[in-house]
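*Asks:* Hey, can you work out the whole structure from these sequences and the hints?
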Amino acid sequence: MKTLWLTPFYLLLCACGSDGSSVALGTLERDRISLSAPVSEVIRTLNVTEGQSVQPGDILLTLDNTLAESRLQQRQAELDSARATLDELLAGARREERAAAAAAAEAARANLTEASQRLSRNRTLFKQQMIGQAELDNAIAQHDAAAARLDQAEEQLRQLTNGTRPEKIRQAQAALRAAEARLAGEQKNLDDLTLRAPRAARIDLIAAEAGSRVNAGTPLLTLLANAEPYVRVYVPQSKIAALSVGTEVEVRVEGLPQTLHGRVRNVRAQPAYTPYFALNERDRARLMHLTEIVLNDMPAGLASGLAVEVLLPGDASAQGSKP
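The numbering of the sequence shown is the numbering used here, which starts it at 1 and goes up by one.
The set of hints was computed from the structure by calculation and includes no laboratory data. Do not rely on the hints blindly, as some may be mistaken.
As the list claims (entries may be wrong) - Label-pair distances were calculated between CB atoms; the ranges are:
hint, residue 1, residue 2, range
1, A227, S81, 45 to 51 Å
2, A269, A300, 29 to 35 Å
3, N138, E106, 42 to 48 Å
4, E106, A184, 34 to 40 Å
Claimed, not checked - Derived lysine to aspartate or glutamate pairs resembling DMTMM-like cross-links, with alpha carbons at most 25 Å apart:
hint, residue 1, residue 2
5, K188, E41
6, K127, D144
7, K188, E69
8, K188, E88
9, K127, D137
10, K168, D58
11, K168, E69
12, K168, E96
13, K168, E97
14, K168, E154
No residue lacks a Cβ here, since even glycine has one placed at the ideal position from N, Cα and C.
*Replies:* Written out as structure tokens, the structure is:
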């Protein structure tokens with residue numbers, strides 16, 4: 001299981017003065033990617049170390065796949081069986097099978113003729129009181145059995161001659177599709193036991209070691225995306241009206257002498273946190289809205305977590321401030 005989440009940060013208060021807030025404090029952030037165990041299994045191999053750079057598709061970690069391989073082979077066998085059944089129905093009976101069925105029907109017909117003749121003689125003898133009722137009943141039973149065997153043989157011959165019913169072919173086709181779906185599901189389960197890098201990133205945290213058993217859903221690896229960082233700040237509700245998506249702002253990054261320029265890409269409508277006390281007019285500014293800003297002129301190599309100041313529009317009183 002793969003979950004994309006953004007790291008929380010701790011320096012998200014607004015610089016305040018007697019004349020009100022004009023600078024929002026925050027940090028540079030990068031997307032964090034958490035890779036979790038898809039099933040409860042033993043870690044077979046761990047192929048990365050913390051701080052290592054990885055590319056999309058790189059194998060990071062593998063879980064033991066013995067059971068998954070066994071289930072996959074079982075599903076493959078079921079698929080082969082379903083395909084063979086359908087092929088047999090589509091091909092119909094072989095010439096040898098039809099010939100054997102015709103011979104069986106002919107033999108059953110001859111047996112019925114013989115049984116009919118025997119029954120006719122026994123009836124004549126019974127009328128002449130030369131045999132008893134038991135012998136006549138036995139001849140009748142043999143005649144009926146021979147007739148039933150002939151009906152069965154002729155039905156078998158008709159089935160082989162006329163071919164498979166369309167309903168049975170559709171049933172076999174449905175069984176084949178079900179077997180293919182089960183095989184695809186087991187293949188996906190097997191593939192999920194190999195954890196790969198979803199994007200270019202750096203290994204930030206390894207939470208388990210090779211040989212240990214982990215439960216399903218346990219976080220195993222945390223990656224920091226290689227994409228350019230962005231700024232996350234909390235803006236007071238009293239200042240939020242001046243910000244909207246696309247608003248240009250000035251940003252100061254700790255350790256950089258120059259001021260950078262950025263653009264607001266998102267302002268959360270829901271306040272990020274609410275104070276526990278009553279929200280009167282004086283305390284309304286304590287409601288904060290999470291705001292994300294992308295930088296237009298990002299210097300290379302900036303680390304995640306650096307403190308930043310965002311100068312809010314409409315107030316230049318903090319132009320001399322430094323983080």
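*Asks:* Would you mind marking each hint as holding or not holding in the structure?
*Replies:* Taking the hints in turn, this is what the structure says about them:
{"no.": "1", "hint": "A227 with S81: 45 to 51 Å", "result": "49 Å, holds"}
{"no.": "2", "hint": "A269 with A300: 29 to 35 Å", "result": "34 Å, holds"}
{"no.": "3", "hint": "N138 with E106: 42 to 48 Å", "result": "25 Å, violated"}
{"no.": "4", "hint": "E106 with A184: 34 to 40 Å", "result": "49 Å, violated"}
{"no.": "5", "hint": "K188 with E41", "result": "16 Å, holds"}
{"no.": "6", "hint": "K127 with D144", "result": "21 Å, holds"}
{"no.": "7", "hint": "K188 with E69", "result": "11 Å, holds"}
{"no.": "8", "hint": "K188 with E88", "result": "30 Å, violated"}
{"no.": "9", "hint": "K127 with D137", "result": "13 Å, holds"}
{"no.": "10", "hint": "K168 with D58", "result": "47 Å, violated"}
{"no.": "11", "hint": "K168 with E69", "result": "32 Å, violated"}
{"no.": "12", "hint": "K168 with E96", "result": "22 Å, holds"}
{"no.": "13", "hint": "K168 with E97", "result": "19 Å, holds"}
{"no.": "14", "hint": "K168 with E154", "result": "20 Å, holds"}
Of the numbered hints listed earlier, those contradicted by the structure are 3, 4, 8, 10 and 11.
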